[in-house]
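Asker: Below, each chain spelled out in residue letters.
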Amino acid sequence: MIDYNPKDWFTFVFRLHKADTVRKLLPMIVAICLYSGLVAWLEAEVWKLSDDSRVKNISMLHSLLGFVISLLLAFRSNSAYDRWWEGRKLWGSLVNNSRNLALKMNALLPEEDRESRQLYRAMIPNYAFALKNHLRSQFKPEEFVAAGGLEAQHLDTTRHVPNQLASVLLRRAYSLQKQGVLTGEQLLSVNAELQSFTDICGACERILKTPIPFSYSVFLKKFIFFYVMTLPFGLAFSLGYFVIPAVAFVFFVLASMELIAEEIENPFGTDANDLPIDGISQNIRKHVEEIL
Amino acid sequence: MIDYNPKDWFTFVFRLHKADTVRKLLPMIVAICLYSGLVAWLEAEVWKLSDDSRVKNISMLHSLLGFVISLLLAFRSNSAYDRWWEGRKLWGSLVNNSRNLALKMNALLPEEDRESRQLYRAMIPNYAFALKNHLRSQFKPEEFVAAGGLEAQHLDTTRHVPNQLASVLLRRAYSLQKQGVLTGEQLLSVNAELQSFTDICGACERILKTPIPFSYSVFLKKFIFFYVMTLPFGLAFSLGYFVIPAVAFVFFVLASMELIAEEIENPFGTDANDLPIDGISQNIRKHVEEIL
Amino acid sequence: MIDYNPKDWFTFVFRLHKADTVRKLLPMIVAICLYSGLVAWLEAEVWKLSDDSRVKNISMLHSLLGFVISLLLAFRSNSAYDRWWEGRKLWGSLVNNSRNLALKMNALLPEEDRESRQLYRAMIPNYAFALKNHLRSQFKPEEFVAAGGLEAQHLDTTRHVPNQLASVLLRRAYSLQKQGVLTGEQLLSVNAELQSFTDICGACERILKTPIPFSYSVFLKKFIFFYVMTLPFGLAFSLGYFVIPAVAFVFFVLASMELIAEEIENPFGTDANDLPIDGISQNIRKHVEEIL
Amino acid sequence: MIDYNPKDWFTFVFRLHKADTVRKLLPMIVAICLYSGLVAWLEAEVWKLSDDSRVKNISMLHSLLGFVISLLLAFRSNSAYDRWWEGRKLWGSLVNNSRNLALKMNALLPEEDRESRQLYRAMIPNYAFALKNHLRSQFKPEEFVAAGGLEAQHLDTTRHVPNQLASVLLRRAYSLQKQGVLTGEQLLSVNAELQSFTDICGACERILKTPIPFSYSVFLKKFIFFYVMTLPFGLAFSLGYFVIPAVAFVFFVLASMELIAEEIENPFGTDANDLPIDGISQNIRKHVEEIL
Amino acid sequence: MIDYNPKDWFTFVFRLHKADTVRKLLPMIVAICLYSGLVAWLEAEVWKLSDDSRVKNISMLHSLLGFVISLLLAFRSNSAYDRWWEGRKLWGSLVNNSRNLALKMNALLPEEDRESRQLYRAMIPNYAFALKNHLRSQFKPEEFVAAGGLEAQHLDTTRHVPNQLASVLLRRAYSLQKQGVLTGEQLLSVNAELQSFTDICGACERILKTPIPFSYSVFLKKFIFFYVMTLPFGLAFSLGYFVIPAVAFVFFVLASMELIAEEIENPFGTDANDLPIDGISQNIRKHVEEIL
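Protein chains in written order, with the working numbering: chain C, 1 to 292; chain E, 1 to 292; chain L, 1 to 292; chain B, 1 to 292; chain A, 1 to 292.
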């Protein structure tokens, strides 16, 4: 994710940032300009359409469908943003549960039980790093802090890594209760935090694996394509060669909305708009180590 | 559900995928083309309408109602997508609860209680498969793994199968507590997972059995039909034979939105856009067997 | 509620179903047609308005306000649909809690405590039936199954009937705990289900007793009325006698949206679009009796 | 709140109810009519603008901004309605929690502990009345039923009254547990109800004290004002003196939406659209007294 | 936050409040006026465009894109308002949890345990003040009330201050239980409140650190800029020098919506629209001190 000052209009309008859609759409925009110019030239020079040609009225169609395409793109943006924001909430919730579990374990565990303290101190942040890497289909042993006899090479990377860590966290809590270190009620008071890790992991996997239904994706792309491709025919009549920037601008607007939606729909990658889950994981480590 | 790369525009625009609405609407689109052509021919050749005929102004009506129909379709898409996404969340929650229950049972059950471990190892995934089949009004004995003396043929398929499995899961937990294997607090700490199965089942049944209110469905279809049927009268005047692709395109857009909404509204079937609940069930089996 | 196949366009478009808004609006539509015809005749034959009369431009007003009325109706439909869907969720939740309570009581109660089993077996479904009848301001003794010495005539129908049944369910659970049949933790594990009945009842009462704020209802009806009444003046100029079907169609669209919203806003009645709460109550009885 | 039959169109359209926005806006509507008439007269008689005057095209601006103002008002209505509906949900939840607490206390308290029963029988409804009065910045001793030695004059009305009652409810529950009348688990089973009172109170205070952000309120009012004030200039050209009802109607529509939103945004007062919290409080008293 | 009476239209429309967007946009509005005047002068006096110049039709583009820009701004306003409102809910929830914890501790702690009572009396409000200052990246020792031996200078301001206070609150509760002052069930009954502090803190940090995705911010600003910059070319043709107020008004509307959204998106600062978290913190102190 890019840190930025949302109030600084100047650089927003004039600088071409790496994540700017203008940059990504540039080749397409150039192609659209050439195409629109060609259509304008054909209409004016080759077909020499008369002033009352019906081609002029094709624009009626575009203004009729302008509503539908706008609403569809708004729907698309909304659903993509909701996923992005839900992903952010899930990681925020991971921060909260990591902190609360650390705070509670700090209060519950006897000072002398160094080993259990060390286990939670290492494994709570390990879970965040493991989840981050799991969502990016990778495993980074260097981000794993060994504790309680569990080292990075003991993890079976062909199986679900976050589950293995959640299992460590849960087993220790139940075994502390069986040993009498924790009472039954104390166990219940950390139950919500302990099970939240797996809930968060499952919800992130859901966002990752379920893009918008295939039919919407196909339909919206076909719709934008045909809308923009037919646009110069009607407009060239009224706008002449001004049709070139006009169609390019319309294309820029419609395609940008689809492009941004595609990018933020899966918020766990390393794109410019993706969530700063590397930083969040480091924060969890920092805070948990401050507490425990 | 179809796995796809949402960033690959080219194949989206030009390939006719099996789930593409163009494919399904093709016969209707051809019919609309013929009808629009007929209207254009009648206006131009038979009725020979003069340039100031009032027929021309029928388009005013279509632009007036264009906004209403767009908003209605947006409302329809939103509510259908919400069901689809809620269905996905429910199955995500089934994954989470299955994993958490397995993780906790793994920590709680003594190593030597092979039979109880085997029971949860088999029945947690059995529930997912039974729910999937229940939502499709079928029962597949080959997807049932026998454990604890319960085999596929013991299930009464004329009654609610997921309830029978939920009952097995619950009874074992309570009987373990009565035997003293689990303490009261340990029982409470798995209570949320145990009752979640039936909650998820009920919520899926709700989505399955409750489409959008009948009146909206009728009203929207009548509205689209009359809107498209009257469209060529006004447009043919301005567009001549260009009315044929224009009306076909408008019909394609409006009908696609209704068609996709219908399809995703019930997300538990085997259509191209439906949720991958077969795969999710297999995943639950895989992960639970890794854990327990 | 009407069971229907949402993919069957043909019958939707051409059949006049009982719940169809066309049917209900027919007298009004006929009146609007006569009124529009009268306006068209007055403009053409009596007032003999010239072609540049300013009456023609009244349509500007209608297209200006077309957005606002469409957005208002979308807002109206959304809020009505949300109530309908919330009502459905509440009854789905009643199903889930009834099943979970039955499943848990089945696991908790000793086989020999026939009387308590019989009590829950009868009273859980009785609650659903009582709530259904309460929401329709009626009481049907024939839908009450006696158990534990409680018969239909013992209920005080001048007081809140569902509360009396919730009290029976709760008292028995607490007295079972006082007798030592249930432990404290077992009691806690059924606490959520026991209190959910009253929560669901209260939420249904809220939906039933609170329609959309009075001012919106008045405002929207006044707005639609004046919008449609002034529509023919502007349109008759451009459309001549075509104004008759045009205004009728606009009226049909706007009034249908308001009409459907009114109907589904209170989803507990016996209208065609209302929720199938009779069937759900019977389902609860069937499933609870299968379980307990 | 006004009880009404939403299906009765006739009286809605033709009667001027007390809460009708027409009534409140009447002076403004008259002023707008005079102003529009003046503009129309100036254009036609004084400035004698020619037919191709650019003043005519000012309407382009109004149709361009028509979208924005409509969407803003829809956003305003949505956020105001959400508050109103959240307020209703909170009071519905107060009903549910009052009933559930009464039902549980009825089952938990021994028949002979008359004093505790009387305390909850009086204080649960007292809380609802106190909250209602607190939200209206008043205190009505006549709505307070004394019990357990606590009388209206013992309350410190300079401090937060609902908190004092919540404290009474909580202290009694904890002291019953300390005396052994309630077990620890029984205490936990009423914990959710006991803390809900303060949560509901805080949420109502939030709605009461936080209107829509100041900048939106200013911006929307300025926008409506300038939009309506400039409207007659463009329209008078096309509509002549018909501009008077036209501008008045547009003003009525836009201002009504803002007016209704303002009114329902704070739903705890005694306006016509406000929530029936007097009635709800009485209902809580009636039901709690039936139960306990 | 500014306290205001939303029903007072007069001052809203005519006074230039400090937080008014007109004030902030004034330099830009002046610049836009000059620019529009220049374009109008160039078109009329320098280029002397003929009446059928295609430049006139550029307005088609603006009305085509007017819908998209409106929907985008509505989406922007919605998402910013949702954050603002979520922030308000979180602080409302902090109020509720602070009060409930104080009420419960008051009931639970023995009268003679002055020291624990004093600790909660001081630390619950300290948490609110510390969170407020943490969200503004500051630390104010004068807002900290010492208790239980913990003074402002003992806090490590280089580390996460709210976490240190949450740790104090949690440790005391667990140590009271270890000492037998609280029973296990009593501990569980305050568990939700104790962990809510950290959850609220984490959620506020999430809102603070995550503005709308960078790409939307860039795209929207570019879109508004080019839309407004090209607007005078088309409009000057139809409106002449009236284009100056017209473009200024359009700019005022579009930029205000973006400006307000930017401002309320981060609601924890000290801007005019920000949440009154200073006042809320003081309220928490006042109420907690009344209770404990």
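Among the clues, some could well be false.
[To be verified] Below, a list of computed lysine-lysine pairs in the DSS-like style, where the Cα atoms sit at most 30 Å apart:
1) B:209 to A:89
2) E:48 to C:56
3) A:89 to B:89
4) B:209 to A:48
5) B:209 to A:56
6) E:89 to E:178
7) L:56 to E:48
8) B:56 to A:48
9) A:140 to C:286
10) L:178 to E:221
11) E:56 to L:89
12) A:286 to A:140
13) L:209 to A:286
14) L:221 to E:222
Calculated from the structure, these hints are not laboratory results.
Asker: Work down the list of hints and note, for each, if the structure agrees.
Answerer: Quick rundown of the hints versus the structure:
1. A distance of roughly 12 Å separates the Cα atoms of residue 209 of chain B and residue 89 of chain A; the hinted pair therefore holds under the 30 Å criterion.
2. Our distance criterion of 30 Å between C-alpha atoms is met by residue 48 of chain E and residue 56 of chain C, whose separation comes to about 21 Å.
3. At most 30 Å may separate the alpha-carbon atoms for a hinted pair to count; residue 89 of chain A and residue 89 of chain B meet this at roughly 15 Å.
4. Straight-line distance between C-alpha atoms of residue 209 of chain B and residue 48 of chain A comes to about 58 Å, which puts the hinted pair past the 30 Å bound.
5. A threshold of 30 Å between alpha carbons decides the hint, and for residue 209 of chain B with residue 56 of chain A the separation of about 50 Å lies outside it, so the pair is violated.
6. For the proposed pair residue 89 of chain E and residue 178 of chain E, the alpha carbon gap of about 34 Å is over 30 Å, so the pair is violated.
7. Restraint check for residue 56 of chain L and residue 48 of chain E: the C-alpha separation of about 25 Å stays at or below 30 Å, so the hint holds.
8. Proposed proximity of residue 56 of chain B and residue 48 of chain A is supported: the alpha carbons are some 21 Å apart, at most 30 Å.
9. Note on residue 140 of chain A and residue 286 of chain C: the hinted pairing holds, with a Cα-Cα distance of about 23 Å set against a maximum of 30 Å.
10. For the hint pairing residue 178 of chain L with residue 221 of chain E, the CA-to-CA distance comes to about 60 Å; that exceeds 30 Å, so the pair is violated.
11. Distance restraint check for residue 56 of chain E and residue 89 of chain L: the Cα-Cα separation of roughly 49 Å exceeds the 30 Å cut-off, and the hinted pair is therefore not satisfied.
12. Between residue 286 of chain A and residue 140 of chain A the CA atoms are separated by roughly 18 Å; this keeps the pair inside 30 Å, and the hint holds.
13. Taken as a hint, the residue 209 of chain L and residue 286 of chain A pair is broken in the structure, with Cα atoms around 38 Å apart against an allowance of 30 Å.
14. For the proposed pair residue 221 of chain L and residue 222 of chain E, the alpha carbon gap of about 23 Å is at most 30 Å, so the pair holds.
The structure fails hints 4, 5, 6, 10, 11 and 13 (numbered hints given earlier, in ascending order).
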